[in-house]
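Going down the list, the protein sequences come from chains D and G.
For the first sequence, position 134 matches number 134 in the UniProt record's numbering, and the numbering has no gaps at all.
For the second sequence, position 75 matches number 75 in the UniProt record's numbering, and the numbering has no gaps at all.
Some hints here could point you the wrong way.
Heads up, simulated DSBU-like pairs for lysine-lysine below, C-alpha to C-alpha not over 30 Å straight-line [what the hints assert, rightly or not]:
{"id": "1", "chain 1": "D", "residue 1": "Lys85", "chain 2": "D", "residue 2": "Lys69"}
{"id": "2", "chain 1": "G", "residue 1": "Lys690", "chain 2": "G", "residue 2": "Lys733"}
{"id": "3", "chain 1": "G", "residue 1": "Lys193", "chain 2": "G", "residue 2": "Lys73"}
{"id": "4", "chain 1": "D", "residue 1": "Lys277", "chain 2": "G", "residue 2": "Lys88"}
{"id": "5", "chain 1": "G", "residue 1": "Lys44", "chain 2": "G", "residue 2": "Lys88"}
{"id": "6", "chain 1": "G", "residue 1": "Lys769", "chain 2": "G", "residue 2": "Lys173"}
{"id": "7", "chain 1": "D", "residue 1": "Lys120", "chain 2": "G", "residue 2": "Lys771"}
{"id": "8", "chain 1": "G", "residue 1": "Lys173", "chain 2": "G", "residue 2": "Lys73"}
{"id": "9", "chain 1": "D", "residue 1": "Lys255", "chain 2": "G", "residue 2": "Lys515"}
{"id": "10", "chain 1": "G", "residue 1": "Lys515", "chain 2": "G", "residue 2": "Lys555"}
{"id": "11", "chain 1": "G", "residue 1": "Lys73", "chain 2": "G", "residue 2": "Lys742"}
{"id": "12", "chain 1": "G", "residue 1": "Lys769", "chain 2": "D", "residue 2": "Lys120"}
{"id": "13", "chain 1": "G", "residue 1": "Lys771", "chain 2": "D", "residue 2": "Lys277"}
{"id": "14", "chain 1": "D", "residue 1": "Lys255", "chain 2": "G", "residue 2": "Lys769"}
{"id": "15", "chain 1": "G", "residue 1": "Lys355", "chain 2": "G", "residue 2": "Lys747"}
{"id": "16", "chain 1": "G", "residue 1": "Lys515", "chain 2": "G", "residue 2": "Lys430"}
{"id": "17", "chain 1": "D", "residue 1": "Lys85", "chain 2": "D", "residue 2": "Lys333"}
{"id": "18", "chain 1": "G", "residue 1": "Lys733", "chain 2": "G", "residue 2": "Lys769"}
Chain G side only, calculated, beta carbon under 7 Å to chain D, not exhaustive [stated by the list, open to error]:
{"id": "19", "residue": "Leu63"}
{"id": "20", "residue": "Pro548"}
{"id": "21", "residue": "Pro817"}
{"id": "22", "residue": "Ser819"}
{"id": "23", "residue": "Lys820"}
{"id": "24", "residue": "Gln822"}
{"id": "25", "residue": "Ser826"}
{"id": "26", "residue": "Glu827"}
{"id": "27", "residue": "Ile881"}
{"id": "28", "residue": "Gly892"}
{"id": "29", "residue": "Gln894"}
Keep in mind the hints are simulated off the structure, nothing from the lab.
In this text, a Cβ means the ideal position worked out from N, Cα and C, and glycines have one as well.
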Amino acid sequence: MRKTVFILSFLILAFGCREPYEPEVSQESVSALVVEGYLDTEGLESELLLSRTVSIGAEATFAPEIGAKVTLYGENGRTFSLAEKEPGVYTIAQNMPEDMEYQLEIELRTGELFESETMKPIITPEIIDAGFLQDEEGVEVFVTTQGDENADDFLWTFEETWIYRPRIRVPYIYDPKISNVRDRTQAEKIDLCFKNETNPDILLETSSRFQDQVVFRKTITEIPQGDERIMERYSILISQKAIDSEAVQFWETLKRNTEDIGSIFSPLPSQISGNIKSVGDSGIPVVGQISMGVVKQRRIYINLTDVSPWGYLDPEFNDCAIGLEEVRSQNYKTAFGDGSVLPARGLMEGTTIVAYYPVDRRCADCTLYASRVKPDFWEDD
Amino acid sequence: MIRIFTAGLLVLFCLVSSSLFAQQTADRITGFFPGVAFERFMEKVEEETTYRFYYKEEDIRELTVNIQADSSKLEEVLSQIFLNSDLKFTISQSGEVFISKGQKLTVDFPNTFFNQSGQGGGSGEFSQQDEFVRNRRYTIGVPSGEGRTAKIQGQILSLENGKPIDGAIVYEKLSQTQTITDQEGRYVLTLPKGNQTLLVQNIGGYTEQRLIDLQGDGELNMSIGEGVFSLNEVVVRSGALSNVSRPEMGVQSMTVQQMRKLPAVMGEVDILKGLLTMPGVNTAGEASVGFNVRGGAADQNLILFDQSTLFNPSHLFGFFSAVNSDMVQGVELYKAGIPASLGGRLSSVLQVTPKQGRTDKIGGSGGIGPLTSRLSIDGPIGQKTTFIVGARMTYSDWLLDYLEENADIGASRAFFADFNGTIEHRFDEKNILRFTGYYSEDEFQFDPDTVYSYSNQNFALSWTHYFNYQLEATFSAGQDAYDFQVQGEDNPLNSYQYNFDIRQRFLKAQFRQEKGQRHIFTYGIHSIWYDLNPGEIAPFGAESIVIPDQVASEKALETSLFFGDEFEINDQWTVSGGVRYNLYGYFGPQTLPVYAPGEPFLAENITGEKTYNSGELVQSYHGPEFRISGRYAINNWSSIKAGVNTMRQNIHLMSNSSVITPTDTWKLSDAFIAPQRGIQYALGYFQNLKNNTLEFSAEVYYRTMENLLDYRSGATIVLNDRIEQDVLITQGKAYGLELYLKKSQGKLNGSLAYTYSRSLLQTDPSERKEKINRSEWYPSNFDQPHNANLVLNYELSRRFNTTLAGKYSTGRPVTLPISKFQYAGSERVFFSDRNAMRIPDYFRLDLSINLEGNHKVNKIAHSSWSLGVYNILGRDNPYSIYYVPEGGKLQGYQLAIFAEPIPFITYNFRF
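Same shape as in the complex, but just chain D (with noise of 0.2 Å):
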């Protein structure tokens, strides 16, 4: 909703003014159980998370709920059980028949028991083109994908990907082993990391408004000229799943809750709840929405030079530069020690390196800001 957005900013500049509220919310705030999750029906790890809600003021908002037992019943009377991966997230990955409904139990370490309405798993049509499109703003990533007669509904989510560089790269390292200078090895290297970023935006679009169903370059995101994302390459994987009309429901009223509230002409906030519903009389909110069926993903790469000139420039190193004043071997201890400024190129002197000229740290180490591990899935250029 940009219109709103600027709505709201015309009223403000024009003569309103906004200013941090801090509610009178009494601490015995509700503690609902969260779960979610969509589970792929052909093998694909599938993660279901189970959580409590907290206050609004708490630090960390993940409480996961640990100790779970997570089953899932199917209609032929088989049961799958989703096993404890890390403290609330319960994992599967089974092969499991589309052509039946199944319930999921959630049983508390408490005893508190919650389940499902049945679900019956959906086979999401599968993503016919992904690509991008440059314009003066940037680029924008789009999917096209046709729905059918049981697929009408989609949501889309994705992960982003992209390498990172940092300003000045530094091929030297103080070892204080040896009290000196040498070549980092590669496992040393801090010029090459690699961002990952899990989107919040929730994407939905029912097919049936196009003709012949054909959803045809939904916008999936959009990546301003400069954006640091398009440094050197970027990844995006979009996962297409196909869900029903009760679940639309529930990802727009979170979508709305998320992202409208507090407009001018902002709907109600509404109560959220889902498919998983306490057993007996437990009168724990419940909020969540689990979705069977297959996801669709497809992964597209963007190198810089598909789309330059990108003119990526992060102000915040505008002053990183290398320093003038070289550092002789004798202050390397004093100079590089603590590891806060780096050995960033050396002073010649005949054939050997005499000194070093320093560079801040922060200018020249990725592992900052991003992480070094190069994700499994990505292929180079």
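Assemble chain G onto chain D, guided by the hints.
Here is chain G on its own, set in the frame of chain D:
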């Protein structure tokens, strides 16, 4: 409990009244004498004034005084006291008051004694022009003994030049017997013998007064001043006691003059904002013209501009009301006691009375403000026709351009305009034909891609026929239309045009008949044909692949037969009763799903489909509405009223947000959504104090409402062709106490209103789709228990007045986040129960100054300035509270719309 409270109030006010007893200097009488003995009255007068009474004790023993006097002359007061007795009084020049039975005492020589003109025993007066001329009593004629009336004649001359005054009105004060002077300034009047007050009104001049003791036929010549002076704006009141004596209750009226004095946002006089100073009228927020009456939703108000229904009464999302104040005579809001002739909405009727064209010459008025300008012209066309046309337009783009330079608000554009006009033609004394038209347009965009626009279009033709003095009839016909449209051109492939519109055509025949002295009947028939297009989307541009979609259009006919009677049983009791029978039919063509019997309206319960042909009746609803109210007059200054009202509403505004927004759509009652029904009980106490200059009222009410609509979580309203699956049948109740004190005259005048009210909703227990707050009662979006409004107006002079207006109310209910959780990779919010929290209280003070130009007669145009400050304290009253995820944490914000003092200045003129 409420009754005890009201009784307490009565006691309180009795105490207040008696403390107001006579406290006047000079020889004027002021005080409230509720049935005191005449002797006591005389003592008081003697204490306060120099008058001394002389009387026989036996004459006055039985006499009591029941009068309220405010700077009245003793003569007037005594005349009134002795009205139904055979007592006579005479006051000598030295202040002795002689009271006698039957025969009047002569204590002074008649003024004519020294000044006999000899003409029929009359008195020529031309030589006696002094400052006492008004209060001296002239004895006219000689007692003849024959007949009870006598003829008085004379000539009226100008004091300045001695020429006869033609066209002056000569009338007697009490009986209003009147005549007009001829070219020679001559007049003849036949009046009852005895003491009379003769008034002469020369148009544009002073009113002259002569006290006469008419004993027989005689002559009285007068010289009166012709000097033109400026009058206060003349407010014509229909009965000063109206709020005490009228049988209905819960009626608030406001003239446009009163509204002009109120401080306005951006200097724009706003008829709807003025109403918000009244008790029982509330608003969901500053930027919404939609208002709530006695705990009812904004769509439960019928807004009538003359006969036309305005579907959207606001411009620019509610910053301004859609009616140009220059075209308005006044507004009247019926919160209860709605006459049987009006109906169709649950909460209230707002009757906006348009101004009529003047008959003397063509003139006009207008104004220039920072955002808008307006102009209206009115006058006669020939002898029998008058017209008035007006237009108002905004030029707010400069403001947006200015803002754009300073901030990134993109290509914002906003435009609005409205036009209206009335032509009235009098065929003869008995037939009047009137045409009224109204057109408004709004267009705004906040980025280059999306344009919102809407428009009201109304016209009505009415013919009023007077059969005789007892019976009159008005026949009217017209159309009210409203269009809304959004055009999105974000991307050529997805460009769309969305619109909805509603059109209603109506026919109304209304008769008003006076039956004898004590009955006034109102009866008639009112039919409305609705044609509603609830929503339609179409591709826009050649490349667009948006599939056209349309929610099936809806048609319905509503016919109401009504009969009302205002029956004055006696001086104390008046009852007003009415019944309105409402017949509603929802017609095809329509294809509707068939839901399994007894199952909730959900997609999974659809068992089939039924198609109705064009004109085929799909569903009908009918039922009576009762309007009963009664008044018991305790005395001339106070009354008690009670009433019961039932109402029905067949058209619903679908709104999923707390304020009326342009995208809200209308829906007709159909096979699944029944008409809203409501009943209201009200009781009130009304009192006028201080010679009707102070009005006080206290009203309590209780109402229940059925078949209201609330929405399921995540309900979509736009383009939802199965809206019954997303609405929840809801019932409502509301109750409250309204106190109102108004001082209408004096240098310092104004009003104070306080309302305690609640407005609650409950998902109907039979509703199975979803139960909001577990089907418990929850506050509605506009439940603001405490509400106070103050308007203080100080008139320093006729040309300069200043107004201070204040408003306080409890913050409205909101649904706030109470906890948070992680979902789909982001922090999400878990909300409290519906409307379980409140935003902070609201308080605002506004100040305005109105400066009138000078009042020279020969000016081309009269002008006035209105300037002031809105929200003078700069208090940032939260309009809304919301949370945004920010840096991984949820941050709450309160949004205030008018957070700063906003100065304004407007130039108004009329010619």
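For this session: Measure nothing beyond the straight line between the CA atoms of Lys255/D and Lys769/G; if it is 30 Å or shorter, mark the hint as holding.
Result: holds (21 Å)
For this session: Measure nothing beyond the straight line between the CA atoms of Lys515/G and Lys555/G; if it is 30 Å or shorter, mark the hint as holding.
Result: Violated, because 39 Å separates the two Cα atoms, which is more than 30 Å.
Exercise. Taking the closest Cβ pair, is Ser826/G under 7 Å from chain D?
Worked result: holds (3 Å)
For this session: Take the C-alpha atoms of Lys771/G and Lys277/D, compute the straight-line distance between them, and say whether it is at most 30 Å.
Result: The given pair, whose Cα atoms are some 15 Å apart, holds under the 30 Å limit.
Problem set entry | 30 Å Cα cutoff - pair Lys120/D, Lys771/G | Status holds; Cα separation ~26 Å.
For this session: Would you mind confirming whether the straight-line C-alpha gap from Lys85/D to Lys333/D stays at or under 30 Å?
Result: Given that 30 Å is the threshold and the Cα spacing comes to 44 Å, the pair is violated.
Exercise. Regarding the pair Lys690/G and Lys733/G, is the alpha-carbon distance no greater than 30 Å?
Worked result: Roughly 37 Å separates the two Cα atoms, so the pair is violated.
For this session: Let me know if the C-beta of Gln894/G comes in closer than 7 Å to any C-beta of chain D, holds or violated.
Result: Hint holds; Gln894/G Cβ to chain D Cβ min 4 Å, cut 7 Å.
For this session: Measure nothing beyond the straight line between the CA atoms of Lys733/G and Lys769/G; if it is 30 Å or shorter, mark the hint as holding.
Result: holds (22 Å)
Exercise. Between Lys769/G and Lys120/D, does the CA-CA distance stay at or below 30 Å?
Worked result: OK: Lys769/G and Lys120/D at ~22 Å, within 30 Å.
Exercise. Does Lys515/G lie within 30 Å of Lys255/D when you go C-alpha to C-alpha?
Worked result: violated (65 Å)
Exercise. Does the interface hint hold: is Glu827/G within less than 7 Å of chain D, judged Cβ to Cβ?
Worked result: holds (5 Å)
Checked against the numbered hints above, the structure violates hints 2, 4, 6, 9, 10, 17, 19, 20; every other hint is satisfied.
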